[in-house]
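Peer 1: Single-letter residue listing:
2 protein chains.
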Amino acid sequence: MRETLSYREKELLRTAPFQGVKELREEIAAYLYRNRGMQVSPDCILIGAGTEYLYGRLLELLPKDGVYAAEDPGYRKITRLYEGNGVPFRYVPVDGEGICVDALLASGASVAHVSPGYHFPMGFVMPVGRRQALLSWAKAEPDRYIIEDDYDCELRYFGKPAPAIQSMDCNHRVIYLNTFSKTLTPSLRISYMVLPEKLMDRYVQKMNYYSNTVSSFEQYALASFLKQGFFERHINRMRKYYREYRNRIVQYIKEASLPVTEIKGQDAGTRLLVKVDTTLTDTQIKWAAKEAGLKVECLSEFCHEKRPEYDSTIILNYADLSEEVLKEAILRLAHIFA
Amino acid sequence: MRETLSYREKELLRTAPFQGVKELREEIAAYLYRNRGMQVSPDCILIGAGTEYLYGRLLELLPKDGVYAAEDPGYRKITRLYEGNGVPFRYVPVDGEGICVDALLASGASVAHVSPGYHFPMGFVMPVGRRQALLSWAKAEPDRYIIEDDYDCELRYFGKPAPAIQSMDCNHRVIYLNTFSKTLTPSLRISYMVLPEKLMDRYVQKMNYYSNTVSSFEQYALASFLKQGFFERHINRMRKYYREYRNRIVQYIKEASLPVTEIKGQDAGTRLLVKVDTTLTDTQIKWAAKEAGLKVECLSEFCHEKRPEYDSTIILNYADLSEEVLKEAILRLAHIFA
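As they're listed, the protein sequences go chains A and B. The opening position of the first sequence corresponds to residue 1 in my numbering, with each subsequent residue numbered one higher. The opening position of the second sequence corresponds to residue 1001 in my numbering, with each subsequent residue numbered one higher.
Just chain A, with the same shape it has in the complex (with noise of 0.2 Å):
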């Protein structure tokens, strides 16, 4: 049986190499270089079943004195993992521009864990003096590093996308992540993440037994994909239909009879803030769309130091609820502030 096979199909079939089919690598690097400014070599890249896998991977690889700064606001998965795997960490304020320089210092991290092309969930793209910045304080140490996570940097309505801060980084501190589950379906589990030449040594050196966690046939599927520009075509047409979609939630938050004082995140993702002037406290706002059906969250769920003024703001994520749920979801909200 084994013998009437073709060599494409028996490549199929063969474990892949601990790094990722190399012809999706390759088709990686050269999407990076084209939409991220990214110039970086395939053998720099890992393939992994999510970016949880490969963040367990990283935190293994990076130095083990190290402490790690979180976003506040921010991902809150990421403290949970830091927790899980028992890693120091510190909570870093975040401006509306980024994480906070300064208080990034005075923290003691080593390892900064920022979203610069899309934060979440503030929705903000973080400017190129904050970038600059944040490479300087990398530089300044030995074992600093910035952990990119590119998440939802592909989803941007206005201008031009800004490139990768990893382009930016002349002294091989930026560890790049990102993720094909948000752009093209959450049920496919295939990300990667870009390490510096010197990390990449090392992981070949000490952590090349872990086999690769992604089967080879979606690697090869995904790779030709890549490769005859689809994903491209995807991403543009996603971009299109939401910049649509969300002109449409902004009108009808507008003709809403909600409170709104202001609406962020239009620029890029799949979240809008909407902040209402209310006399309800954020718990008591979700305590009111739970008696009304809805699932509410607030930004201030995502701080781990309060502050006012993120007090009263929703977030409204319109990725994955169809137009008709959306409406009703916002005329229900509208009631609870009459």
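Each hint should be verified, as a subset may be incorrect.
As the list claims (entries may be wrong) - From the structure, some residues in chain A lie toward chain B, with a derived Cβ separation under 8 Å:
(1) 49
(2) 52
(3) 53
(4) 215
(5) 278
Unchecked claim - Listed next, the in silico DSS-like pairs over lysine-lysine satisfying Cα-Cα at most 25 Å (straight line):
(6) 1327(B) / 10(A)
(7) 1198(B) / 286(A)
(8) 1182(B) / 10(A)
(9) 1206(B) / 64(A)
(10) 264(A) / 306(A)
(11) 1290(B) / 327(A)
(12) 1077(B) / 206(A)
(13) 1160(B) / 206(A)
(14) 1275(B) / 1064(B)
(15) 64(A) / 1077(B)
(16) 77(A) / 1327(B)
(17) 1290(B) / 1240(B)
(18) 182(A) / 1022(B)
(19) 198(A) / 1064(B)
(20) 1286(B) / 182(A)
(21) 206(A) / 1022(B)
(22) 1275(B) / 1327(B)
(23) 10(A) / 227(A)
(24) 240(A) / 1010(B)
(25) 182(A) / 240(A)
(26) 1139(B) / 206(A)
(27) 1064(B) / 77(A)
(28) 1240(B) / 64(A)
(29) 295(A) / 1077(B)
(30) 1022(B) / 1198(B)
(31) 1077(B) / 77(A)
(32) 10(A) / 1295(B)
(33) 1077(B) / 22(A)
(34) 1022(B) / 77(A)
(35) 1010(B) / 22(A)
(36) 1240(B) / 295(A)
(37) 1160(B) / 1064(B)
(38) 10(A) / 1064(B)
Since the hints were derived computationally from the structure, they do not count as laboratory data. As the structure is a prediction and not an experimental result, all values here were calculated from the model. Virtual Cβ for every residue (Gly too), placed ideally from N, Cα, C.
Chain A is fixed; fit chain B onto it per the hints.
Peer 2: Below, chain B without anything else, positioned relative to chain A:
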């Protein structure tokens, strides 16, 4: 576009539950009942992208002050995983029946990793008496656990396969692990872990934020493959194929002018342990083999503590080699000892 998808298609695009797709967990539970004598709830099954991945989660789940016992000789990747995760471990000797329970007790370890269905690399099956002794050891202290790695249990050529230790455990101390990567194809990354209820509750409480690592359409495909009986038919075919193949290989070894004193591991798996009568050391055997264009592993490489009785034993893994290549390899090997 979204509106035109069927319910089934939508299901394929949705994120899998953190434990894995329900249909697949149900089919695995039914398979384990039919083939391994295990009565487990699908709710106690966790699906992941490879055994190593699940092992990582397990190390996070088990008591933090645990000390791990590794079989000596045994699977080397396990101790690398312990080292990589900064987990303390002890080597515990294996005799002809499995891990030595007295030595295990003396080691002070609290979690024992064993492969009773097919010892790697020795190839034997653990007898019932040793299984009971191991369960008694686990029962004696509250935080003792047995990790049953059932890798390669499917390929048993003589007699009825022994049921899993998990099926004999009345005290919820056995964690059962197995994979489809070996039985289907190594390019497919789907493994699973059966947790005692108490541990699964802890997982649900503390670690359910980890996204499932296997793309859901792969899980649905495998569930359907199991449900329709294709997997068991495939295993039966494989068993027949490898039994005959192994017989021919044993014949080749006997016909070649190899100074063989014993061939072990004939009852199960895809490895033969060929003990030769030679004055060459194992290092010399490996070098001579390399010169002859062969990559050879010796049993002593899998031993932490050297034991003279394990010297001069060549491991012949015939899973992945064609008959011609193997025949030629045996002839070249014979030449080394001529």
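Peer 1: Which constraints among the numbered hints does this structure fail? Numbers only, ascending.
Peer 2: 5, 7, 11, 13, 14, 16, 17, 19, 20, 21, 26, 28, 29, 31, 35, 36, 37, 38
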